[in-house]
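Participant: For reference, the chains in residue letters:
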Amino acid sequence: MATDLEHMQALVRRVMDDPELATGITEDTDLFDDLGLDSLHMINFLIGAEEEFGVEVDFESLREEHLHSVRSFCAFIHGVTQNDRMPPAALRLI
Amino acid sequence: MPYAKTSKKFTQGEFADLRRTVAIKAETRRRLAHDPLYASDLPQEVSMQLTYKCNLRCLHCFQWNEQGFFHSYDSQRKRAELDIRVVHDVLRLTAGQRAKLFLWGGEPLMHSNFGEIASLIERYPRVVNMCTNGLLMERNAEHLLRIGPTLNLLVSLDGFEAEHEALRGRGSFARAMRNIQAFLDLQRRGEYRGELSVACMVSEAMVGRMYEFTDWAEETGFNSVYWLLPWFISPETAASMDQLYEDEFAWLNPPEPGEKPTWHSYTYALPADAIGDLRDSMSRIAERVWKLRLRYQPQIESDEIDDFIRGTSRPAQRRHRCLAVSNRMEIHADGRVSSCKFFPEFVIGNLHETPADELWLSERFRRVRAILRKNGLMPVCSKCILLYLSGD
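Top line first, the protein sequences correspond to chains E and B.
Quick note, the first sequence lines up with residues 77 to 170 if you use the numbering used here.
Quick note, the second sequence lines up with residues 187 to 578 if you use the numbering used here.
The shape of chain B in the complex, shown without the other chains:
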């Protein structure tokens, strides 16, 4: 697909982040060429799911919509928050290389002790990317400002008011916008020195309004717009993943009898008859030079669109290998660590029982890496953001 152009220059911070990303990726590739089971000594990126709790029930959410797998958790786990001691241990352990930090949830600002987490990040500084629905940003402004200029906030707005609220509930757009405006004001006054970007899922209602929304986002003052294509996994792809898991990973963390694996929860799809509109919108967007950055997740090629939208196992961006399993640690809200961001079936262990460095280089993790390197990408990898952010 033609790519979207921007007149926006890299800031010093953006450039430093890009350089670090490239250095990590290059090192991982070089080391994998000699040792297929390579993992960095310590994780070079860390993802923390601060809590499973969320203050919204969005129709497209694989966690909390009607088919969402969080409903199968018992009431205690549903309320789980990442233990401050775990946050502290991991930040201290990875402070030397300033491992980049990704915060998500549920809604990460629902963590009841976010202030202490922000203080720990201030103590062990690094680049922090946080995905949020935006509703609690203003209430947590003091804590968020403490993180400093390396904080990148990515707020979910799934369209203009009507489209957003059709997915996220009545009143949610105005509430999110109040918080966004508050942070844009803080940014103008130089008090918030991080970035503020917007993520919008390409829904059926928005696919024909992508240009219009991008124009509005530019006018509003966002740093970037991320257009997220729905992470739909078709029943056929999910079934082939069931088989692969049974064949290769049954020793790891299989679902309880009667429970469906979580990849069956990725049910929200863009109708196939909207693919033409998607192509048209992407082409129109590509005709203009924007003042903001514009990214597609994934940055899909023209011949990949059909497969991606229909939920097949074919990856986009010509990707063929996951590097995250060698350099990035995924920590769930209950302290479990998994090799794959979205799928708890790939839980390796728990930080309440095993120190992070030991778990990272454990035999179980090594065995998962060995299977992934032997088999290549799994059917569900095509719907994992990590493949696109840092894969090969």
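Just chain E, with the same shape it has in the complex:
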């Protein structure tokens, strides 16, 4: 079973078509600043996340801070926001 980080790498590889960028992703990677996703990539990335993670996402509740690290994005995907203060160990990131 793939970890969240592996899912994120696969997703970025697919959306950005950039294997090097995907391989360099860590749980601290900022989706805006480090990946440089523009609006089209961001739309494809978010839509692709549903397929990649096999979940339905309530995108209306997405906030910018969810995209400032892979960790927060995965927490959002799993329905856990940083405000819920779940310990990182619960997130299957590595």
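Hints in this document: simulated from the structure, not taken from any laboratory.
One or more hints might be untrue.
So, partial list: chain E residues that the calculated Cβ filter (under 7 Å) puts toward chain B [unchecked claim]:
1. Ser115
2. Leu116
3. Ile119
4. Leu122
5. Ile123
6. Phe135
7. Glu136
8. Leu138
9. Glu140
Chain E regions said to be covered by chain B (calculated; three or more residues, Cβ under 8 Å) [unchecked claim]:
10. 101-114
11. 126-133
Quick caveat, the model's predicted, so the values are computed rather than measured.
C-beta atoms are modelled at their ideal positions from N, C-alpha and C, and glycine is treated no differently.
Starting from the known structure of chain E, fit chain B onto it as the hints suggest.
Facilitator: Leaving out everything else, chain B in the frame of chain E:
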């Protein structure tokens, strides 16, 4: 193709708009997985063609150039403007979900009652994207400012002065720039809080100057540059569309005998020998991190360029399905509603005769959706912006 990078951060408004776009798209995809004929209860996006009238006669325009299909309209229809009552009804109907609004024309600011339309948008607020040639922005400044920070103005400038005027007529560049500068001034003073972007078609004259123009646009202060690849439909693609329409849609809204379907009007093309220059320009642009946003319509992949420029039916961006037909309503200036933005052959009905919600879920609309879902994309879909903005 390598993509263009930007240092520009998403504003709160841009992020909210993006989130809404993703939510609509995700919901449409999920529902289509269970019901191929799915349509949202009400349109989640609305496009209003405010008028067919235009104050320019651009050489590349599929509406008003020499082959443009608006010439076949009778004199009354040529002057048509979207009825204020229709605008009001649709805005009120879609106010609950704040359906995003797209305004276009002709030239949308040629609508003689644009002030009242702006007041209605103020009353039923939402994100508004408007494509304009820019010539009447200053004259309508009071109305445009009333729409507020959710207004995104996209002004067409097809290059620097010489290139622009070769397509749009003498004097048009300086006039557009006066209006643009006026709005940039309003923006600096905090009076205009929306966005101001520029759309430039990749013409033969501009294909080698794309980097230079983008640099100028950044310097000028635009939010984004949209590079528009010409929506050329080759005679072969148009002929295959004729056949498909005859086979599947002859019951809908066929052209009058002797009239050519409108997809034959998409004649402006970038010469095939300019494809190398296009690749070079896109590669050069991708080498720099820009302070503005830069978008290609469509965001074409390297192996798709030849087909797109030559006007084949192959879609760009790896697209394979239209979602707009399930979530977006296209309203023409005479009140007709069509399933496809650019092609009146796909008119479903008229808002002067049928309420918008009824028309949206009508049997005729359902039948069009059923055929599109059964057959997949049509030959002309490869030249439809909606496939690229919100398709799959």
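Participant: Now look at each hint and say whether the structure bears it out.
Facilitator: Hint-by-hint comparison with the structure:
1. Residue-level restraint check for Ser115(E) holds (minimum Cβ-Cβ distance to chain B is 6 Å; threshold 7 Å).
2. Because the beta carbon of Leu116(E) sits about 6 Å from the nearest beta carbon in chain B, less than 7 Å, this interface hint is met.
3. Evaluation of the Ile119(E) hint against chain B yields a held restraint, the C-beta minimum of about 6 Å falling below 7 Å.
4. Checking Leu122(E) against chain B by beta carbon gives a least distance of about 5 Å; that is within 7 Å, so the hint holds.
5. Against a cut-off of 7 Å between C-beta atoms, the interface hint on Ile123(E) holds, since the closest Cβ of chain B lies about 6 Å away.
6. Residue-level restraint check for Phe135(E) holds (minimum Cβ-Cβ distance to chain B is 4 Å; threshold 7 Å).
7. A hinted interface residue such as Glu136(E) counts as satisfied when its beta carbon comes closer than 7 Å to some beta carbon of chain B; here the least separation is about 5 Å, so the hint holds.
8. Evaluation of the Leu138(E) hint against chain B yields a held restraint, the C-beta minimum of about 5 Å falling below 7 Å.
9. Of the supplied interface hints, the one on Glu140(E) holds, with its beta-carbon coming within about 6 Å of a beta-carbon of chain B, less than 7 Å.
10. Residue count for the region 101-114 of chain E with a Cβ under 8 Å from a Cβ of chain B: 3. That meets the three needed, and the coverage hint holds.
11. Figure legend: the region 126-133 of chain E, annotated as covered by chain B; annotation consistent (3 residues with Cβ-Cβ distances under 8 Å, at least 3 required).
Going down the numbered hints, you'll see the structure goes against none, and every one checks out.
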